[in-house]
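Given only the sequences and the hints, what does the whole structure look like? Please build it.
Be aware that the sequence shown starts at 1, since it is given in the UniProt record's numbering, and climbs by one per residue.
Everything labelled a hint here was simulated from the structure, so no lab data went into it. Any given hint could be a false lead.
List time: in silico SDA-like cross-link candidates among lysine to any residue, alpha-carbon distance up to 25 Å [said to hold, decoys possible]: (1) Lys129 with Thr111; (2) Lys146 with Met118; (3) Lys53 with Leu66; (4) Lys74 with Asn110; (5) Lys129 with Leu81; (6) Lys154 with Asp76; (7) Lys146 with Glu72; (8) Lys129 with Asn93; (9) Lys146 with Thr111; (10) Lys146 with Glu133; (11) Lys149 with Glu137; (12) Lys149 with Thr75; (13) Lys83 with Asn93; (14) Lys83 with Glu139; (15) Lys83 with Lys154; (16) Lys130 with Thr111; (17) Lys129 with His71; (18) Lys83 with His71; (19) Lys149 with His119; (20) Lys149 with Ser136.
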Amino acid sequence: MSNLQTILGIFGSLALALSALALWQVRSLNKMKSEFFAGRKGADLEHIIEAIKAENESLRQDQSALGIALHELKTDQNFALQKFGVVRFNPFNDSGGNFSFCIALLNGHNTGLVITSMHGRQQNRVYTKKITEGRSEAELTEEEQKAIKQANDKIKI
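This is the structure:
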């Protein structure tokens, strides 16, 4: 009988220890739960979740609006000057230096203008030619064509 009493005593002690451990864990969880649900200002969890949900929805709407604005900017950007090319040259082989130049200024649709400055001893002349989708109604000089090609070969600014 003493072996049986010893075994029952061990099981009883073990059960008591497990009960004490379970009680300690329950109290610890209750303490964490009360701190979690109380919040810093005493607001309950439901209000906190609702506030986070509202903020999340607001951020989602802002993101959508920013996406639309970005798309509009990308579309509008094609109409802004993005590409340029500069060619310097000497129109008079017998005298002077490379003081004359052509500048091609183009947008994303290859529309823009070419500005040509012809520098001479007595005068300076400036011409512009309209470029529409990479072509001009007026005949382009070799230097103007080089400036347009240079503009198209460069990375957009």
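Quick rundown of the hints versus the structure:
Taking the CA atoms of Lys129 and Thr111, the gap is about 11 Å. The hint holds against a cut of 25 Å. Among the hinted pairs, Lys146 with Met118 is consistent with the structure: their alpha-carbon atoms are about 16 Å apart, no more than 25 Å. Taken as a hint, the Lys53 and Leu66 pair is honoured in the structure, with Cα atoms around 20 Å apart against an allowance of 25 Å. Distance restraint check for Lys74 and Asn110: the Cα-Cα separation of roughly 16 Å lies within the 25 Å cut-off, and the hinted pair is therefore satisfied.
Our distance criterion of 25 Å between C-alpha atoms is met by Lys129 and Leu81, whose separation comes to about 16 Å. For the hint pairing Lys154 with Asp76, the CA-to-CA distance comes to about 20 Å; that is within 25 Å, so the pair holds. Of the pairs offered as hints, the one joining Lys146 and Glu72 is violated, with about 32 Å between alpha carbons and a cut-off of 25 Å exceeded. Taken as a hint, the Lys129 and Asn93 pair is honoured in the structure, with Cα atoms around 24 Å apart against an allowance of 25 Å.
Simply put, Lys146 and Thr111 have alpha-carbon atoms about 16 Å apart, close enough for the 25 Å limit, and the pair holds. At roughly 16 Å between alpha-carbon atoms, Lys146 and Glu133 fall within 25 Å of each other, so this suggested pair holds. Pair hint Lys149 plus Glu137 holds up; C-alpha atoms about 17 Å apart against a cutoff of 25 Å. Using a Cα cut-off of 25 Å, the hinted pair Lys149 and Thr75 holds, with the two alpha carbons roughly 24 Å apart.
Among the hinted pairs, Lys83 with Asn93 is inconsistent with the structure: their alpha-carbon atoms are about 30 Å apart, more than 25 Å. For the given pair, Lys83 sits about 21 Å from Glu139 by alpha-carbon distance, which is consistent with the 25 Å threshold. This hinted pair checks out: Lys83 and Lys154 have alpha carbons roughly 7 Å apart, not beyond 25 Å. Of the pairs offered as hints, the one joining Lys130 and Thr111 holds, with about 8 Å between alpha carbons and a cut-off of 25 Å not exceeded.
The suggested pairing of Lys129 with His71 is violated, with an alpha-carbon distance near 31 Å, which exceeds 25 Å. The suggested pairing of Lys83 with His71 holds, with an alpha-carbon distance near 21 Å, which does not exceed 25 Å. Pair hint Lys149 plus His119 holds up; C-alpha atoms about 22 Å apart against a cutoff of 25 Å. Of the supplied pair hints, the one linking Lys149 and Ser136 holds, its CA atoms being roughly 13 Å apart against a limit of 25 Å.
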